[in-house]
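All chains, please: the whole structure from these sequences, using the hints.
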Amino acid sequence: NDTVIVNTQDGSCYNDANFMTPPDSQNGRCRMYLWNTANPYRDGDLEAGIVIHELSHGLSMRLTGGPANSGCLGWGEAGGMGEGWGDFLVTTIWTTKVYSDYPMGAWAANRVHGIRNYPYSLNETVNPSTYKTLDKPGYWGVHAIGEVWAEMLWTVSQRLIAKHGFEFTAEYAAKPLVPRHGNSLGVQLMLNGMKLQPCNPSFFDACEAIIAADEVLTSGENYCELWAGFAARELGPDARVDGRTPWGGGVRTNICVPLCVQI
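Throughout the sequence shown, residue numbering follows the working numbering, covering 819 to 1081 in sequence.
It is possible that some hints are incorrect.
Stated by the list, open to error - In silico DSS-like links for lysine-lysine, alpha-carbon gap of 27 Å or less:
| id | residue 1 | residue 2 |
| --- | --- | --- |
| 1 | Lys981 | Lys1013 |
| 2 | Lys993 | Lys1013 |
| 3 | Lys915 | Lys993 |
What the hints assert, rightly or not - Distance ranges between label pairs, derived from CB positions:
| id | residue 1 | residue 2 | range |
| --- | --- | --- | --- |
| 4 | Asn819 | Phe986 | 35 to 41 Å |
| 5 | Leu995 | Thr855 | 37 to 43 Å |
| 6 | Trp912 | Asp842 | 26 to 32 Å |
Derived from the structure by calculation, the hints contain no laboratory data. We put the CB at the ideal spot given by N, CA and C, even for glycine.
See the structure below:
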C-alpha cells in the first residue's frame, strides 16, 4: 500500500517514462516526460497506456521474489518480462468485445504503429514475434524482449477469451476468485504466476508458473488453451535454449506440444 511519487512533465528527458520500485514500505517513483514527436509537444501523462505500463513495474517487481526483494527483474529475460507484463496489461485494459490489434504509445509517439517494433496482434504477418526472435542481437535489450513476452501473453489471452468470452467488468464463478471471463482470467493467472515464479525468472519459469497458477485456481481447466497460446509463439513444452550465454543469447528451438493442443 505504499504511495507512488509521480513527476509529471519531468524536464530531464523527452520521449520516455520510467518507474523505480524499491522494497516494500518504501515509495515508488514514476517519471513521465513530454514527447517532442509532434508540434505542439505531447504529454506522456495523457497517454494512458504509458502510465499503466509504468505503474505495472511496481506490481511485477513486488510480486516476483516477494515484496522485500525488488531486484528480481533487472536484466535478461526477467527484465524483458517486466516490460512485457506492462504492455500486456495495457492491451488487456484496452481490449473490447470486437477484436483489434493494439500499438503501444501511438499517440505520444505520433506514430501509427507506436513505439514497439510491431503492434500486438494475433496475425503473424502483422506481428511475427516468437521465442526464437530473441536469438537476434537486436532483441537482447529488455524492451525488445518484453515485446515478445507481451505478444505471447496476448496470444494466450485471446485463447482464453475464445473459450470463456469477454466482459468489461470482472465477474466470478462459483469458486472464489475465479474470473468467469477470459480477459479477466488471463490477468488473474498472470498475477498469480508472478507470485509463484522464482527471482530472475526465465520465459520457461514464467510460463510454467502461469500453468501452475491455473492448476491451483481452476484445477487445470485451461491447460490446453494456455499451452496452445504459448506454443503458437514457439514457447511450447519442448522449447529450449542451446548454448545459453550470460547475456541471454543462445539458440531457441521448439519441437512439439502436448497432444491436446491444437495450434
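So, going through the hints one by one against the coordinates:
1. For the proposed pair Lys981 and Lys1013, the alpha carbon gap of about 25 Å is at most 27 Å, so the pair holds.
2. Only pairs whose Cα atoms come within 27 Å are accepted, and Lys993 paired with Lys1013 is accepted, the gap being roughly 20 Å.
3. Of the supplied pair hints, the one linking Lys915 and Lys993 holds, its CA atoms being roughly 25 Å apart against a limit of 27 Å.
4. For the hinted restraint 35 to 41 Å between Asn819 and Phe986, the CB-CB distance of approximately 26 Å leaves it violated.
5. Under the hint 37 to 43 Å, the C-beta atoms of Leu995 and Thr855, about 42 Å apart, fit the expected range.
6. The given range of 26 to 32 Å is respected by Trp912 and Asp842, whose C-beta atoms sit roughly 30 Å from each other.
Consistency note: the structure conflicts with earlier hint 4 alone.
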